[in-house]
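Visitor: Residue numbers (our numbering), protein chains in the order written: chain A, 167 to 357; chain B, 2 to 665; chain C, 5 to 304.
Among the clues, some could well be false.
Subject to a maximum C-alpha distance of 25 Å in a straight line, what follows is the list of computed PhoX-like cross-link-like pairs (lysine-lysine) [what the hints assert, rightly or not]: (1) C:K100 - A:K354; (2) C:K99 - A:K188; (3) B:K482 - C:K225; (4) A:K295 - C:K18; (5) C:K140 - C:K124; (6) B:K206 - B:K188; (7) A:K188 - C:K100; (8) B:K320 - B:K310; (9) C:K250 - C:K277; (10) B:K482 - C:K220; (11) B:K392 - B:K482; (12) B:K454 - B:K427; (13) B:K309 - B:K320; (14) B:K188 - B:K446; (15) C:K220 - A:K354.
What the hints contain is simulated information worked out from the structure, not anything from laboratory work.
Below are the chains, spelled out letter by letter.
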Amino acid sequence: MDFGRTMKYQREAEPDWPHQLKQLPGCERLFSCIQCGKCSGTCPLSIYMDYTPRRIINLVREGFRNEALSSKTIWLCASCYACAVHCPQDIHITDVMYMLKREAIQHQMYPKRFPIPVLAREFYDLVRKRGRSSEFWLVLRLAMKSNPLILLGMVRTGFWLIRTGRLSLRSERIRGVHQLRRELATPKEAQ
Amino acid sequence: MFEQNGSVRIGVYICQCGTNIAATVDCRAVAEAAAEFPAVVVSRDYKYMCSDPGQSLIQQDIKEHQLNRVVVASCSPHLHEETFRKAVAVAGLNSFYMQMVNIREHVSWVHANRKAATLKSIDLVRAAVRRVARHRPLERGRVNIHPDVLIVGGGIAGIHAALTLANAGKKVYLVEREATIGGHMAKFDKTFPTLDCAACILTPKMTAVKNHPNITLWTYSDVSRVDGYVGNYKVQVTRRPRYIDEDLCVGCMECIEACVFKQPKFSDEFNLGLGKRKPIYIPFPQAVPPVAVIDPEQCIQFKSGKCKKTCVEACGDRKAINFGQQEETREIEVGTIIMSTGFKTFDPQRIPYYGYGHYPNVYTALEVERLVNASGPTGGEVICRDGRKPKTVGIVHCVGSRDERTNRWCSRVCCMYSLKLAHLVKEHTGAEIFNFYIDIRTPGKGFEEFFQKLLNEGVHFIRGRVAEVTDWALDPSEENKLVIRVEDTLSAFVRRIPVDMVVLSTALEPQEDAQDVRRLFNIGCSTEGFFMERHPKLAPVSTFTDGIFLAGCCQGPRDIPDTVAQAGAAAAEALALIDAGHVEIEPNTAFVNEDECCGCRTCIPMCPYSAITVNEIRRIAMVNPVLCKGCGTCVAACPSGAMQQNLFEDEEIFEEINGVLSYA
Amino acid sequence: MARDYLYFPGCSLKATGVAYEESMQELFRILEMPLRELEDWNCCGATSYMAIDEESAFQLSARNLSLARQNGNSDLMAPCAACYLVLRKTQDYVKKYPRVHRHVAASLESAGLPMMDGVKVRHPLEVLYNDVGLEKLESKVVRRWRGGPVACYYGCQAVRPFTEVDRAHNPIRMDEIMKAVGVPTVDYSLKTKCCGGALTGTIHDVGVRLNYLLLKEAARKGANAIVTLCPLCQFNLDAYQVEIQKESGESFDTPILYFTQVLGWAFGADPRKLGFKRGIAGRKLLKQWFAEHAEVEQYV
Numbered sequence: 167m168d169f170g171r172t173m174k175y176q177r178e179a180e181p182d183w184p185h186q187l188k189q190l191p192g193c194e195r196l197f198s199c200i201q202c203g204k205c206s207g208t209c210p211l212s213i214y215m216d217y218t219p220r221r222i223i224n225l226v227r228e229g230f231r232n233e234a235l236s237s238k239t240i241w242l243c244a245s246c247y248a249c250a251v252h253c254p255q256d257i258h259i260t261d262v263m264y265m266l267k268r269e270a271i272q273h274q275m276y277p278k279r280f281p282i283p284v285l286a287r288e289f290y291d292l293v294r295k296r297g298r299s300s301e302f303w304l305v306l307r308l309a310m311k312s313n314p315l316i317l318l319g320m321v322r323t324g325f326w327l328i329r330t331g332r333l334s335l336r337s338e339r340i341r342g343v344h345q346l347r348r349e350l351a352t353p354k355e356a357q
Numbered sequence: 002m003f004e005q006n007g008s009v010r011i012g013v014y015i016c017q018c019g020t021n022i023a024a025t026v027d028c029r030a031v032a033e034a035a036a037e038f039p040a041v042v043v044s045r046d047y048k049y050m051c052s053d054p055g056q057s058l059i060q061q062d063i064k065e066h067q068l069n070r071v072v073v074a075s076c077s078p079h080l081h082e083e084t085f086r087k088a089v090a091v092a093g094l095n096s097f098y099m100q101m102v103n104i105r106e107h108v109s110w111v112h113a114n115r116k117a118a119t120l121k122s123i124d125l126v127r128a129a130v131r132r133v134a135r136h137r138p139l140e141r142g143r144v145n146i147h148p149d150v151l152i153v154g155g156g157i158a159g160i161h162a163a164l165t166l167a168n169a170g171k172k173v174y175l176v177e178r179e180a181t182i183g184g185h186m187a188k189f190d191k192t193f194p195t196l197d198c199a200a201c202i203l204t205p206k207m208t209a210v211k212n213h214p215n216i217t218l219w220t221y222s223d224v225s226r227v228d229g230y231v232g233n234y235k236v237q238v239t240r241r242p243r244y245i246d247e248d249l250c251v252g253c254m255e256c257i258e259a260c261v262f263k264q265p266k267f268s269d270e271f272n273l274g275l276g277k278r279k280p281i282y283i284p285f286p287q288a289v290p291p292v293a294v295i296d297p298e299q300c301i302q303f304k305s306g307k308c309k310k311t312c313v314e315a316c317g318d319r320k321a322i323n324f325g326q327q328e329e330t331r332e333i334e335v336g337t338i339i340m341s342t343g344f345k346t347f348d349p350q351r352i353p354y355y356g357y358g359h360y361p362n363v364y365t366a367l368e369v370e371r372l373v374n375a376s377g378p379t380g381g382e383v384i385c386r387d388g389r390k391p392k393t394v395g396i397v398h399c400v401g402s403r404d405e406r407t408n409r410w411c412s413r414v415c416c417m418y419s420l421k422l423a424h425l426v427k428e429h430t431g432a433e434i435f436n437f438y439i440d441i442r443t444p445g446k447g448f449e450e451f452f453q454k455l456l457n458e459g460v461h462f463i464r465g466r467v468a469e470v471t472d473w474a475l476d477p478s479e480e481n482k483l484v485i486r487v488e489d490t491l492s493a494f495v496r497r498i499p500v501d502m503v504v505l506s507t508a509l510e511p512q513e514d515a516q517d518v519r520r521l522f523n524i525g526c527s528t529e530g531f532f533m534e535r536h537p538k539l540a541p542v543s544t545f546t547d548g549i550f551l552a553g554c555c556q557g558p559r560d561i562p563d564t565v566a567q568a569g570a571a572a573a574e575a576l577a578l579i580d581a582g583h584v585e586i587e588p589n590t591a592f593v594n595e596d597e598c599c600g601c602r603t604c605i606p607m608c609p610y611s612a613i614t615v616n617e618i619r620r621i622a623m624v625n626p627v628l629c630k631g632c633g634t635c636v637a638a639c640p641s642g643a644m645q646q647n648l649f650e651d652e653e654i655f656e657e658i659n660g661v662l663s664y665a
Numbered sequence: 005m006a007r008d009y010l011y012f013p014g015c016s017l018k019a020t021g022v023a024y025e026e027s028m029q030e031l032f033r034i035l036e037m038p039l040r041e042l043e044d045w046n047c048c049g050a051t052s053y054m055a056i057d058e059e060s061a062f063q064l065s066a067r068n069l070s071l072a073r074q075n076g077n078s079d080l081m082a083p084c085a086a087c088y089l090v091l092r093k094t095q096d097y098v099k100k101y102p103r104v105h106r107h108v109a110a111s112l113e114s115a116g117l118p119m120m121d122g123v124k125v126r127h128p129l130e131v132l133y134n135d136v137g138l139e140k141l142e143s144k145v146v147r148r149w150r151g152g153p154v155a156c157y158y159g160c161q162a163v164r165p166f167t168e169v170d171r172a173h174n175p176i177r178m179d180e181i182m183k184a185v186g187v188p189t190v191d192y193s194l195k196t197k198c199c200g201g202a203l204t205g206t207i208h209d210v211g212v213r214l215n216y217l218l219l220k221e222a223a224r225k226g227a228n229a230i231v232t233l234c235p236l237c238q239f240n241l242d243a244y245q246v247e248i249q250k251e252s253g254e255s256f257d258t259p260i261l262y263f264t265q266v267l268g269w270a271f272g273a274d275p276r277k278l279g280f281k282r283g284i285a286g287r288k289l290l291k292q293w294f295a296e297h298a299e300v301e302q303y304v
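Construct the complete structure from the given sequences, taking the supplied hints into account.
Guide: What follows is the structure, given as structure tokens:
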């Protein structure tokens, strides 16, 4: 058995961090949380999470950045927005989760070969290049970069999709791809 | 510039208000700037102008420097205008030669930039200095107070206030909308935390109201019109027909027994639809007055005119039933009014995921009060709508409270009534009880002890706001149950708890028609819709309308002890006015410059207080200074400029504008 | 009803959700409400994009909205719940946050596109409910539904913040539409629970487990089929049934239909154009229900 320390020193917290996050769209009401747990109760995936969404909000608010960013919770969030329509304090919890995912990706704070950030990255690149995504190419590239074995499990599904004409091998590309790239290249304002 | 007022000598006093103002405004700099303004003879800043030494500072200066105008820059005039007016009066100055500047609420509390806040304060002080130079001396008028009192709403608040006043020898009119007084308290079973029977402690007071020679009780009645002003209100009360002569009915209930409807058939409002009643009924056995009511929507005589009228037969010689009874209006004169109109419970159908109205075994707390009540529809047995006796019960706290999507406030009584119902339901059924709470709030006398008692009775307390009540069954133990899904936040995992019965602890809300009532009585509402007190701490039972007081839940959610205490306070406030015999009225009223008025009548419909009339012979408008509240609407509307207002005369206002705009 | 709609398919309706596109076009043709596909549309910037770069997701949506703006005053109809939500979220955030507004405006400008004000983003379910109305839908019915009760499954993103498809809690419009065209519905308490979205592809076990719960509860309530309004919900519930069956040991063969397929069928559309053939699960049942109609083998 592993008996690691669970107590936290205040020096391990980053109290300024949540105040920066509060500036981001959707995160304004972070500090209004009354820890009622409605988000967790309504979340279809909280039953698989290491920290329930309520606890994530508290970790963020108290500045426990490492714990929040390395949680499994943020990757289990399927962006169904149930918490956002239920929260009695009108906190846009889905946006908070997006923000944590972005920061975790930026700082590489997720398990190696973990499929979700890989998928997100591949999707991002594909759309940047072609303007549209193609489910077939996306799954293929996801498998190559995370775990090729998952393709084996998809053989049967793939077979059926081809048979019913739902798997397009064509890689779509829009005409205005240069226009799109110019748009995406527009720099953000500094915070 | 000041010739018309002789030589104007102004003193300016800047209050630091401890650090309330001084932390954001450089008070010394404001005082120094003010010293340079024309006609300012002396200018000082001080830690607390409102304190005794602060006031004597002003009084000494008035004598020493022969001041004839004073400007005080401090907090809101709501708080201390009266203080400083009195202070200058003591030194022999007319009260209205004092002008206040609000540099706390309008400056220091709302700004962060010290330099800008200081400059703004200087501008405001300059405006006041220029304005006060134009002031004229004014005197307050007096009105007498009619000794009778109107109380609106006959719940425990209205009952207690009525008895207090009546016992003090004052004549009271108690007007109640329902057929009986008693309000919500009459529906409760026990009261927390002592578990006294609600009826046992309430009904003696209800009977006392009925029997008191000083109380006129009008039930089934509404206030339809309110005119007048403090001390002299004229009120019209509409008495709806109950088709029973109140003076003749003795409450024997024989008519009800004899009704052609052999079985009660119609939804019983007093039992919130859980029981049935006949078209002729008495809401509950101890109703006051103990007089029957006929519902004309349901009574066959009203619907077809062809009823056998067995009720009339049963009533016999008493002849109390009168199908031809008409609506009546009564006019009364009172000096003061107490509002005790109560609250309404939150409709949980607004939160569909709790299943109220969808799953039969989901109840509101008030419904459960009736279920556990021995005189309730089930005779005190807790039996669900589907006939089952519950083995497990979930009580969901904060339904419609502490929620941005419904009501933001804490309803204050739900924690305690939920605990009480947990105890009562457990006592009646032996069921396993789960309380789902966000925070347990038990700050009253004996409340925390009651919570301890419940903990030791083995009632479950799960900290978490319930996410949903559903019939979604995941395994056989959940079949045919209502499943409560909630995060147990103290254990930090999600739980599914199957129960037979769900009790929703619904919020207390303002009455449906609170806005109409507030307009009728010309009082204020806070944003959430409860009636607004004049000051949250220091005038908690007064309103902004003189002579109208508040008691009970119409002002905000509260429990019975607090309601009774507040009702007593409202009665005392009314008594204080009555026994003083008169009040002074503000002189800031409108007046007509008779030479310029052309009698066009533009002002008449504009006045919200009906204070303006026209002298038909001279064809000029006239203002009744007692009715005028000084709102200024007529002044703005007058096309010829004939309408003016004391303390807000054109030249006073123009000087103020010039002052605030002429930057140093 | 000569109103026309701009149509934003999104990537899914061109691939795994092709039956949605086919049935919707057929349905709107019957209702004489022509659809024009938005020309040269790009990816909406959905869910996964937000996780990498929120501002780029807004830029992607903004281009589509701007293209729609250039196309005149027609409403932009987005059948995919994810596209619908992201397009509307973009509009909402552009309105609410000056920073987002400035960035989107600058981005569109550098791409030579006009600002995207005033485009109304619609969902076909809500278009049918509001612009056509239950009465008219009822009057169009020519075929009787023999499939028994269905569970209307709204999924998540179509009924969440920013949207106007229906209310967020206990939505009922799809149920009302189904009942209007003679299709009974069950009281499905999971109607707005998430199907897991992309999780079936990434955290496979968890994603599949969510779909198992959805299928099981629908069956428990006596539904013979599940009717959806989102291509991802349809895909997840449809494609993983064999796997769910293997792992749970419970048998599922439930047809997962789009509401547009059911309506098209009720209105007498050529069944070959409704994409029933593209479903994986529940084909046996569909064949039974449609058995009285000729050449059923050709379209199921």
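Visitor: For every hint, state whether the structure bears it out.
Guide: For each hint, the structure was consulted:
1. C:K100 - A:K354: Holds, at roughly 17 Å.
2. C:K99 - A:K188: The hint holds at about 19 Å.
3. B:K482 - C:K225: 14 Å, holds
4. A:K295 - C:K18: 18 Å, holds
5. C:K140 - C:K124: 23 Å, holds
6. B:K206 - B:K188: The given pair, whose Cα atoms are some 15 Å apart, holds under the 25 Å limit.
7. A:K188 - C:K100: Status holds; Cα separation ~15 Å.
8. B:K320 - B:K310: 12 Å, holds
9. C:K250 - C:K277: 32 Å, violated
10. B:K482 - C:K220: Answer holds: B:K482 to C:K220 is near 17 Å, not above 25 Å.
11. B:K392 - B:K482: Holds, because 11 Å separates the two Cα atoms, which is no more than 25 Å.
12. B:K454 - B:K427: The given pair, whose Cα atoms are some 13 Å apart, holds under the 25 Å limit.
13. B:K309 - B:K320: 16 Å, holds
14. B:K188 - B:K446: The hint holds at about 23 Å.
15. C:K220 - A:K354: Violated, because 47 Å separates the two Cα atoms, which is more than 25 Å.
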